[in-house]
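Given the coordinates of chain A, assemble chain B onto it according to the supplied hints.
Now for the letters of each chain:
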Amino acid sequence: MSRSWKLWVGGPVLAFLVLIPFLELQGGYLQTLGFLTFLYITMSTAWNILGGYAGQTSFGHATFYGLGAYTTCILTLRGIPALLTIPVAGMIASLYGLLWGYPCLRLRGQYFAIATIGVGEATRLLMLNLDDLIKNNSLLKGFLQKGVLTGGATGLMLPTPPDIQAYATAFYYGVMGLMFFALFVSWRVKNGKFGLGLFAINMDMDAAETVGVNTTRYKILALMLSAFLVGISGSIYAQYVFYIDPQTVFGFPMSIAMVLMPIIGGIGTLIGPVLGAVFYIVVQDRILTANLNLGLIKLSLSSLHLLVYGGLLVLIILFEPKGLLGVHHRFNIWWNKRKRRSLAATEKA
Amino acid sequence: MIVSAILLAGLYATMSYGLALIYGVMKIVNLAHAGVMMWAAYVAFILIVHLGANPFLVPILIAPVFFVFGVLLQRYVVQRVMGAPPISSLLLLFGVWLIMQNISYLVFSGDTKAVTTKYTLMTFQISGISISINRLVVFIVGVLALVVLRQFLGHTYMGKAIRATAQDKEASKLAGINTERVMETAFGIGTALASLAGSLMALIFAFDPDFGRSHLLKGFCIVVLGGLESMIGVALGALVLALAEALSVLWLMPALQDFVSFALLVIVLIVMPGGMKELVDRLIRP
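For the protein sequence lines, the chains are A and B, in the order given. Heads up: the first sequence runs through residues 6 to 354, numbered per my numbering. Heads up: the second sequence runs through residues 76 to 361, numbered per my numbering.
Okay, chain A solo, but in the shape it has when bound (with noise of 0.2 Å):
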C-alpha cells in the first residue's frame, strides 16, 4: 500500500523534475529553482553527515563551498578546463577539513560548534585579505596572474559561454546527478558500518570508543566525505553563475543555510535534509518575495527570513526535535487513531 502509493506520487514528480528544461515554463524560471534546489539539498546532505549522523554541529560549512567555488574559478582563469576543477575542488575542499578537523573534532559537542564558527569567520577574512597579504611577500608573488589571485572583496569573475540554454540546462542535470550521487552516499554511509560507528559517537561518545570505534578517525572521515560533497556544490556553483565574492561564498549565511536545512527538515535522517533544503529553498524563492499590503502597513516580506528561520529553530527545538518529518509523523499517528475510530464507530452502528 505504502509502496505504490510512493511510486504513484515519486514516478510523476521525478518525471517533471527531469522534463523541466524542456517546457520552458515560466521563462526558465523552474530550471533555476530547480538547480537551486538540487545544489541546496546535496549540502544540506552532506551537512547532514557529519552534524546529522555523527551529531557534531558544524558552522563553518561555508568554508568548503566558498573554497570549492574558488578553486574552480582560479584554476578556470588559469586555461584549466571547468569541468576538471570539480573534483579538484572537492579534494580541495576535503583537505582543508582535515586541516581544521584534525584539531577540531578533538572537542566536544558546544565547543566544537563555537570553533567551526570562529574558523568560518577566520577563513572568510582571510581570503578577504589575501590579495594584499601575498602583494607583500616576495616568495608567494609568483601565485598571482596580473595581480589578482582571489580577487579581494570584489571577486573573480567568470567568462560567459556562447549558448547559455544549452550550458544552463546541461548544469541542470549535472547537480542533478550530483544530488542523487550524495542522496546515495548518505544512505551508504546510514545503513553501513560507518554509519553505525557515527550514530553511535552521537548517543554517546565514551561508550563508543569502549566498543571499538576509532571516533576521531570516524568523526574526521565524516567531516572531509561532507566537506567534499559541498566544495562541489560551490565549484558547481561559481560555474553557475560565473560570478564569486568572498562575503557570499564564504559569509556566514551560508554555513547557517547548512545548519538550519537539516534541522528543519529532520536531522539524522536520509530523507529530512532533502525536505529541509526544499522547504528553505521554496520560502527563499517564493513566500519572501511577496509583499504584503495590510492598508495601512506595507510589509516587504523579504526582509522577514531571518525571523522565519529563528522561529522555526526555536520551535522545532522545543517542541519537535525530529523537524518536519516528526511532525509527518505525528500527523500519521492522528490519522490512523481517527480512522480507527471513526472504523470501530461504524462496525458498532
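Derived by calculation from the structure, the hints in this document are not laboratory data. Some hints could be false.
DSS-like mimics (lysine-lysine), calculated; alpha carbons at most 30 Å apart, straight line [unchecked claim]:
hint	chain 1	residue 1	chain 2	residue 2
1	B	Lys188	A	Lys327
2	A	Lys327	B	Lys235
3	A	Lys327	A	Lys342
Pulled from the structure, derived: some chain B residues nowhere near chain A, Cβ distances all over 10 Å [unchecked claim]:
hint	residue
4	Val104
5	Leu132
6	Val152
7	Arg155
8	Leu173
9	Ile174
10	Thr191
11	Val212
12	Val218
13	Gly234
14	Leu249
15	Arg288
16	Leu311
17	Leu322
No experiment lies behind these values; they were computed from the predicted model shown. For each residue, glycine too, the CB sits at the ideal point set by N, CA and C.
Just chain B now, kept in the frame of chain A:
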C-alpha cells in the same frame, strides 16, 4: 596603543563575564549574547542621539531592563531544554539571536550606525600618552560593574547560591536552593552584562544588526583563555586578547585584526582547553 588596549580589555571583560556566568551556572553557550549586545547598542543609540540622554548614564539605565529580558528568556524558553543535550540549547539560542537580528533589520534597517557625542573626540594627556575620555569612562563603567558583581556574588545569599549551583547543581538542590530561580537570576545578570557591554560599545564602535558576532567570538576566546570559573581569569583573558589584537597590527594588516582573535580562539580551544590557569599549573609543576 598599549593603554588603549588595556582600556578595551575592561570592556571585553564585562562582555565575557556574562558569558562565563551563564556557562558556569547552566552549562549552556549563549549565542543570543550577541543579539543582546546589538539590541543594547541600538537602544543606547536611540536614547543618546534622539532623546539626548547622557551617554555614560545610559548603560546603567539599560542594564535592569535587559536583566528582566534575560530572566523571562530563561524562564519561558531556555528552561524547556535544560534536560536536553547541550547542543539543542545552543541551537535554540542561535534561533533567538536570528530573530533578534531580524527585528533590528526591520526596525532600524541594515545601515551602519554610530554614536557620536561631544566626548567622542576628547582626549587628555598623561606623560605624553593621549587617552580618549570616551574609552576611559567606558573602561571605568565596565570595571565598576564587575566589582559590584563580585561583591554581589561574594556577599549575598543569591550570589552564594549562584556560585553553589555553578559548582554542583544537584548538591545545591539537595541543600534547598531553588536552582531554577538561581538560573533565572544568573541568566538575567549575564544578559544585563551583555547589554552593558553593548551600550558601551556603541560609544566606541560603529554597529549594524550583524554587530555582535565578532565580539561574541572574542568573548568565547576570552572565556576559554581565562578559565570558566574566575573573574580574575576572565579579566586576564580579556587583557591578553586586547593586547594580542593591538600588537598584531605591528606585523599584519589592520584588516586582519579580527582574524587574529578568531584564530586565537580556535588555537586556545584546542591547545589549552583549561585556559591560562592550566598552562601556569603545567609550568609550575612539570
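Starting from the hint list further up, note which numbers the structure goes against and sort them upward.
-> The structure breaks hints 1, 2, 4, 6, 7, 8, 9, 15; every other hint is satisfied.
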